[in-house]
Amino acid sequence: MSDSNDNGAAQFGRNETGSNGPIIPESANEALRPEKVPQPPKRSRKARSQVVIFLNFLMTVIVFVALAAAGAVYYAMHEYEKPGPLEANKNFIVRSGAGISEIAGGLERNNIITDSRVFRFVSEAYLDNETLKAGEYEIKAGSSMQEIMQLLKSGKSILYSVSLPEGLTVKQMFRKLADDPVLVGDLPSDLPSEGSLKPDTYKFTRGTKRAEIVQQMVAAQKALVDQIWEKRDPDLPVSSVEEFVTLASIVEKETGRADERPRVASVFINRLEKGMRLQSDPTIIYGIFGGRGKPADRAILKSDLDKETPYNTYIIKGLPPTPIANPGRAALEAVANPSRTPELYFVADGTGGHVFAATLDEHNANVRRWRKLEAEKAAEAAKAAEAAKTAEPTVTPAEAQ
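Following numbering that gives the first Met the number 0, the numbering of the sequence shown begins with 0 at its first residue and continues without gaps.
Below, simulated BS3-like cross-link-like pairs (lysine-lysine); rule was C-alpha separation at most 25 Å, straight line:
#1 Lys-132 / Lys-152
#2 Lys-293 / Lys-170
#3 Lys-81 / Lys-152
#4 Lys-208 / Lys-175
#5 Lys-81 / Lys-132
#6 Lys-152 / Lys-202
#7 Lys-293 / Lys-376
#8 Lys-152 / Lys-139
#9 Lys-155 / Lys-139
Derived from the structure by calculation, the hints contain no laboratory data.
Put together the whole structure using the sequences plus the hints.
Put into structure tokens, the structure is as follows:
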């Protein structure tokens, strides 16, 4: 029973004719042979389409390119932001009109950055419509490309300066500008009028033209003179801006002490009001030497007082025809609003200042005192020179050998 039941249970299934019923194998091998597995469904015609295959390929390429681009961007940004190769601070010049390709190449040639292409492409992305400014820049050691780009974008280049003190003539100022090694270009062939340049310290970048500095000086002096002229004392005995600047230039040359300028201006204004000659030594010097200036070792001779020039205020009455130097703010303000004193004279006091007097007798006494001081100084200087000469050791022929 058990055998027949087991066999019967094992043999039920689909027979050869396809109907449900027992499967009766023809042999033992047949019984051990596995049933046929159904074939997988065939791919649809749509799945085998060339368009689908191309789209799959295109998607693969896009993914690959995106990954490569992301890697390139990561590399570029890493290079752009990491410290640069520069081991010590270095100056770098961006010429006017230079493009970013030229700048990047120059930075790489000077070993300030490692890759000009990275600097160029990443900087262009940062800059958008902005530009890198011309000038001379100090690049700090280890600066990254990003830091260098920000510096060149800011325009904070190295500033140089030229100092043009009060009391110089136009020719003397031009000489200083011509001698400056950082400025470029020629000076104007036509000299500006005397007194028209503002004494000051002017800052500029490398490559600034000398003519540009002159233009600044002229504009600055005109603005300064106009400003002070508007606030002048209405009772001044000068009728024009030109006369105002001329008198200020004389005050400028007479004293270098700011506290004395209003008092010196008062003396000259008092003399003009009384019809007295100004008798100013600096005007004599200008009449003889002009804008070149007196040589340092050339003293004013007594004969110079009698030389007839348009500037010799020992001979002419009133003001000379033009200023004799470029006055600064203090001298201009002193003339515009001078001290109110009765003084008509002044002479050096031997200490760098002056002593003032209202009468000729007082002045003559002050002159005698000054001459005595000068004689004493000369005697002391001669004595010191003689002492230094006698104190020099005597070298015998034997010692010389």
